[in-house]
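Since the structure of chain X is already known, use the hints to place chain G on it.
Sequence lines, in order, name chains X and G. At the far end of the first sequence sits residue 257, using the working numbering, and the numbering has no gaps. At the far end of the second sequence sits residue 362, using the working numbering, and the numbering has no gaps.
Heads up, a few of these hints could be off.
[Stated by the list, open to error] These stretches of chain X come out as covered by chain G in the derived footprint (C-beta under 8 Å, 3 or more residues):
{"no.": "1", "stretch": "47 to 61"}
{"no.": "2", "stretch": "76 to 83"}
{"no.": "3", "stretch": "91 to 103"}
{"no.": "4", "stretch": "127 to 137"}
{"no.": "5", "stretch": "207 to 219"}
Since the hints were derived computationally from the structure, they do not count as laboratory data. Even glycine gets a Cβ: it sits at the ideal position worked out from N, Cα and C.
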Amino acid sequence: MRVAVRGISFSYDSVSALADVSLEVEEAEILSIVGPNGSGKSTLLKCVDKILRPSLGVILIDGRDTGKIGAKELARRMGYIPQSSSNNLPLTVFDTVLMGRRPQLSWGVGDRDITMVCRALKLMGMEDSALRPFNELSGGERQKVLIARALAQEPEVLLLDEPTSNLDLRHQLEVLEILTDLVRRRGVSSIMAMHDLYLAWRYSDKMVMLNHGRVFAAGEPGSVLTEENIRSVYGVDVVVTQNSRGLHIEPVRPVKD
Amino acid sequence: MALSTSTTETAEVRIRELYSRFTFRKMLFILLLLGALLALVVVAASLGAASVGRGDAFSVIVGRIFPLHLEHTRLAQVVVWQMRLPRILMALLAGGALAVSGAVMQGILRNPLASPFTLGIASAAGFGAALAITLGVGPIGWGKYLVVTNAFLFALCACFLVYGLARFRGITSETMILAGIATMYLFSASTSVLQYIGRREDVHVVVFWLMGNLSGATAGRALTILVVLLACSPVLIKYAWDLNAMAAGDEVAASLGVNTRQVRIAGMTLATLITSSVICFTGTIGFVGLVSPHMTRMMIGGDHRFLLPSSCLLGALLLLGADTAARTVMAPTEIPVGIMTSFVGIPFFLYLLMKKRKEYWK
Chain X
1 MRVAVRGISF SYDSVSALAD VSLEVEEAEI LSIVGPNGSG KSTLLKCVDK
51 ILRPSLGVIL IDGRDTGKIG AKELARRMGY IPQSSSNNLP LTVFDTVLMG
101 RRPQLSWGVG DRDITMVCRA LKLMGMEDSA LRPFNELSGG ERQKVLIARA
151 LAQEPEVLLL DEPTSNLDLR HQLEVLEILT DLVRRRGVSS IMAMHDLYLA
201 WRYSDKMVML NHGRVFAAGE PGSVLTEENI RSVYGVDVVV TQNSRGLHIE
251 PVRPVKD
Chain G
1 MALSTSTTET AEVRIRELYS RFTFRKMLFI LLLLGALLAL VVVAASLGAA
51 SVGRGDAFSV IVGRIFPLHL EHTRLAQVVV WQMRLPRILM ALLAGGALAV
101 SGAVMQGILR NPLASPFTLG IASAAGFGAA LAITLGVGPI GWGKYLVVTN
151 AFLFALCACF LVYGLARFRG ITSETMILAG IATMYLFSAS TSVLQYIGRR
201 EDVHVVVFWL MGNLSGATAG RALTILVVLL ACSPVLIKYA WDLNAMAAGD
251 EVAASLGVNT RQVRIAGMTL ATLITSSVIC FTGTIGFVGL VSPHMTRMMI
301 GGDHRFLLPS SCLLGALLLL GADTAARTVM APTEIPVGIM TSFVGIPFFL
351 YLLMKKRKEY WK
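Bound conformation, chain X alone (with noise of 0.2 Å):
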């Protein structure tokens, strides 16, 4: 397998955020992380790419231990997207999205970073906007930016933390296909933090369901968003039903405790 987490716990002071959470991701493949507000999503993908460093646990690239590889190899093999960015001082598009290219240039600009550049804001459709400043962006539009970015990076892990969160219908779904498209394509493993479970299912090939800090279900999309654990988890009581169209949950109500 390309990433495998190994019985990872973190805990911010003395709050516990991940208690021996296990998972793994093949080439090729989205696995999607889904759970309430505040069940570590967030949590769970900065300690994958060692922003956070778990108290317990082993987080392994194609076998390697990454507490053992370098920042800045570990920054060209995997990329992470954050869920939204704001920046005080003002850094153009094409600026902030070269500086993906960071881990691969010593100093220098070379035209390979720039073709990098240019494949990336193409790629999104962003590439009218190169020369404005990332500060005058929509929701939307900065987080095709920070995709962008990522691309630009060319990682084979890609870390993405609510890529859909800020964006409307439309942009959603591109998001999701052009990233779908791209983890096929360039054989990229690939784990989201979703809160759309319908999207989630959708375009992920596995799932984990997190709830406080541990593993509540893995497996399946279609296995794992059962009505039973949604209630649990979300403490909403659900409707699924699958039909040809796909899954589909309609909530209810709150659970009442």
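Using the frame of chain X, we list chain G on its own:
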């Protein structure tokens, strides 16, 4: 399929062209600044009590730097080379140094209001100087050097104090700014105590020091700043990419392989060193370090590879302009340059802020 490939290529060509024009504009900006600096040096050298023509000033400067035999009077030679140039050099280097450290501070703290002054470095230097002036005590130094060494040492102290305080909660931009503000108030209050208990004539000297001025300029002092600046610059330039990444947040920077903690500590230490080497000679000149990086950003964007050298040049230009105005507008009375920087710089800054901001981007 063929169609989509060709549109990809056209888009690529178009972005490339835009980007190279953007880069060209940054280079042009640097060249323009250099040109403006040279012109201002000649003008500044020709202004003052003894009248020296611009032509004479030009031939003295160029004639001494390059082995050319250019015609000028003996008076011009003495006035320009021995009396005015040390001060001009000091203004250039002090302005450039303050602007660079301001740009670095704003970068590592991700805060457009940050400067070495926000972190309490200037008020610590002020306290050191006041201690030397009013009580005549300090860790090292004697006589007339006591003010300089005290200001320098206390500025470094502030840096370590901020670092020490911030360490408890982790070295992030928020902890450093809050620790810096605490440090700033601590040293300002201590300076006030000294002013309160000090003799009237000493207090007057302290106030004058706190306003900042370049009247103590000598070639040796200018050279000291130059050496510090040249020693620190390679590391700061090397950090340019890391600063760009950190502008997007620590998590993103970490995911791009940046050791944010290391960059922050090293960046702060170097910026403090540069600032201290200036303000120990000049007193607190505040405005240049805060505003030069902003003006530069408005004109050429936030890429630190260009921002650091450009801010340096702009800071030099600003301080030399301000100092030239300070010593000539009310001649023979000199206005402290710390006051003048604001009067010269603020109209320009406001103009950029109101009118130019968006146009400069496109």
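Inset, instruction - Compare the structure with the hints numbered earlier in the document and write down the numbers of the violated ones, lowest to highest. - result: Number 5 - this is the single hint that the structure violates.
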